[in-house]
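S.K.: Sequence:
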Amino acid sequence: MRVNAKSKINLAFGAIGVLFMLFAFILLNQATRIKWHSNEIETNWLPGIVSINTIDSAMGEYRAAEIGHSLAKEDISKAEFNQKMVLLKEKVQAMKDKYEPTIRPTSEIERALYQHFIKLYDQYMVASEQ
Numbered sequence: 005m006r007v008n009a010k011s012k013i014n015l016a017f018g019a020i021g022v023l024f025m026l027f028a029f030i031l032l033n034q035a036t037r038i039k040w041h042s043n044e045i046e047t048n049w050l051p052g053i054v055s056i057n058t059i060d061s062a063m064g065e066y067r068a069a070e071i072g073h074s075l076a077k078e079d080i081s082k083a084e085f086n087q088k089m090v091l092l093k094e095k096v097q098a099m100k101d102k103y104e105p106t107i108r109p110t111s112e113i114e115r116a117l118y119q120h121f122i123k124l125y126d127q128y129m130v131a132s133e134q
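Its first residue numbered 5, the sequence shown is counted upward by one per residue in the numbering used here.
In case anyone wonders, no lab produced these hints; they're calculated from the structure. Wrong hints could be hidden among the right ones.
Straight-line Cα separation of at most 27 angstroms, DSSO-like style, residue types lysine-lysine; simulated pairs [as the list claims (entries may be wrong)]:
hint, residue 1, residue 2
1, Lys-93, Lys-82
2, Lys-88, Lys-102
3, Lys-102, Lys-123
4, Lys-88, Lys-100
5, Lys-82, Lys-39
Label-pair ranges, simulated between beta-carbon atoms [stated by the list, open to error]:
hint, residue 1, residue 2, range
6, Ile-122, Ser-42, 24 to 32 angstroms
7, Glu-104, Ser-74, 26 to 34 angstroms
8, Ala-19, Ser-61, 28 to 36 angstroms
9, Gln-97, Leu-31, 41 to 49 angstroms
10, Asn-43, Lys-93, 32 to 40 angstroms
If you're wondering where the values come from, they're calculated on a predicted model, not measured in any experiment. Built from N, CA and C at the ideal position, the CB exists for glycine as well.
Please model the entire structure based on the sequences and the hints provided.
M.R.: Shown next as structure tokens:
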């Protein structure tokens, strides 16, 4: 049985069309998965990272204010540093409150690390009060 050139061309274009549709389906599926992951990053991970970064910078500022308070000779300066330390504690608490909901329930490691941070933070604050 001989196949003429017209049938061969139609068969080739049909195969290319099927491959194109398969490729388009795979691309759409991957694009959907990428969109889902980017939404997870945007709604869960980034707010948590921003909160942790803010806690880190506030704690650095708190330590600097604590040193300034210790080195200050005048009561007015000590009061200013003390007020700044109170504001920074409030900022850290606000960021902790903002971060806690972003910890995924399935992430035991993240929860354990956060609990360890809270323990060390509380110890530091007790030592700072003295």
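S.K.: Evaluate each hint against the coordinates.
M.R.: A quick look at each hint next to the structure:
no.: 1; hint: Lys-93 to Lys-82; verdict: holds, 16 angstroms
no.: 2; hint: Lys-88 to Lys-102; verdict: holds, 21 angstroms
no.: 3; hint: Lys-102 to Lys-123; verdict: holds, 18 angstroms
no.: 4; hint: Lys-88 to Lys-100; verdict: holds, 18 angstroms
no.: 5; hint: Lys-82 to Lys-39; verdict: violated, 52 angstroms
no.: 6; hint: Ile-122 to Ser-42: 24 to 32 angstroms; verdict: holds, 30 angstroms
no.: 7; hint: Glu-104 to Ser-74: 26 to 34 angstroms; verdict: holds, 31 angstroms
no.: 8; hint: Ala-19 to Ser-61: 28 to 36 angstroms; verdict: violated, 59 angstroms
no.: 9; hint: Gln-97 to Leu-31: 41 to 49 angstroms; verdict: holds, 46 angstroms
no.: 10; hint: Asn-43 to Lys-93: 32 to 40 angstroms; verdict: holds, 34 angstroms
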